[in-house]
Amino acid sequence: MKFAIFFLLGLASASAQQVRINEIQLVGTHNSYHSGISPNEMANLRKLNPRAAESLAYRHPSLESQLNDGVRQIELDVYGDAKGGLFANPQGPVLAAQSGLQTDPPFDPAGIMRKPGFKVLHVQDIDYRSNCEPFTNCLAIVRSWSKAHPGHLPIFILVENKDGRPTVKEGASPEPLTPETFDALDAEIRSVFGASEVITPDDVRGTHKTLNEAILSNGWPALEKARGRVLFLLDQRRVGSLYTQGHPSLEGRVLFTNAAPGTPDAAFTECNDSASNPDLVPGLIRKGYIVRTMTDPGPAGVRSNETARRDASIQSGAQILSTDYPAGEAAESGYFVTVRPPGNTQPNARCNPVLKPANCLDDMLKERR
210 MKFAIFFLLG LASASAQQVR INEIQLVGTH NSYHSGISPN EMANLRKLNP
260 RAAESLAYRH PSLESQLNDG VRQIELDVYG DAKGGLFANP QGPVLAAQSG
310 LQTDPPFDPA GIMRKPGFKV LHVQDIDYRS NCEPFTNCLA IVRSWSKAHP
360 GHLPIFILVE NKDGRPTVKE GASPEPLTPE TFDALDAEIR SVFGASEVIT
410 PDDVRGTHKT LNEAILSNGW PALEKARGRV LFLLDQRRVG SLYTQGHPSL
460 EGRVLFTNAA PGTPDAAFTE CNDSASNPDL VPGLIRKGYI VRTMTDPGPA
510 GVRSNETARR DASIQSGAQI LSTDYPAGEA AESGYFVTVR PPGNTQPNAR
560 CNPVLKPANC LDDMLKERR
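For the sequence shown, our numbering begins at 210 and goes up steadily by one.
Worth flagging that the hints you see were computed from the coordinates, not collected in a lab.
Remember, predicted model here, so these are calculated numbers, not experimental data.
Be careful, since some hints might not be right.
[As the list claims (entries may be wrong)] DSS-like mimics (lysine-lysine), calculated; alpha carbons at most 27 Å apart, straight line:
1) Lys378 - Lys292
2) Lys356 - Lys418
3) Lys434 - Lys575
4) Lys324 - Lys378
5) Lys324 - Lys434
6) Lys434 - Lys496
7) Lys575 - Lys565
8) Lys378 - Lys256
9) Lys256 - Lys292
10) Lys575 - Lys356
11) Lys418 - Lys434
12) Lys418 - Lys324
All chains, please: the whole structure from these sequences, using the hints.
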């Protein structure tokens, strides 16, 4: 009897080893750090730009709360701040005061924004409050949670580097993005996570000439080997050439670029409107790529609980489903996004519905400490 039990356990373990991290589907959050605009500044924005205010009227709880609720992908928007202080005095309170509104509580009583390093915020001067700050602290929160839950599914951390022009008069002017920006970004990530805690492009490429070649032939690591680890993804395709400069096929880099399929650094790609092209994503994921898509129908659609785009995004098989409303954070209309099988409380994930890996059972995705 004992032999039979151990034999069956061995078979289950062997099957689990064969399931790869691209053969599951999980729910993540869009702008995971977003704690919302303060009340009086939001009231002022509603008067000045009602449409913008509507699009920004959402908020997320702490990163820890999201991970506890089963989210396995988070998104962090980062601005360079090499000298510190670039975003320490936002114009939002000034604009609200000019409209005769009271000042909201200070957003940075500890003076974190005066110190050098990447900052996490959505729109400088307007939408700048975060549930974690600075970037390294956001990462430290994820790492602490990961250490407390060592059997978790891999966590995908999507990073969007922001630049651009001032948004208001006398507002902050973001630093330009350069190859040195991304060297600093890698350094900040490595200052928090050890090499054994991250799956990098080098890990996936192995002995292949390019990352794309590795993906199309060998594929991604086994799910069981990826438990307790994180992967970093670079959101904007337009900055990919800056990140790969001096690092062909992402050699020595930390993040996977949002690359055009077929290019040397291609392993991860975004199709954020997968619902409009139902054939695109299934074809990409069958080749081996990991795809991120966005599920939400926009503010008006969320208010009316429209689910067509959400359902099409889920059915596309995209491995990463990004939403402002995961299970546990439903909109007032009742709209939310989940793929969690009935009876499974952790995580918000399932076996991929398009790839249908033969050895994958939803019970395998349950996490253990």
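May I ask which of the numbered hints given earlier this structure violates, with the numbers listed in increasing order? 2, 5, 9, 12
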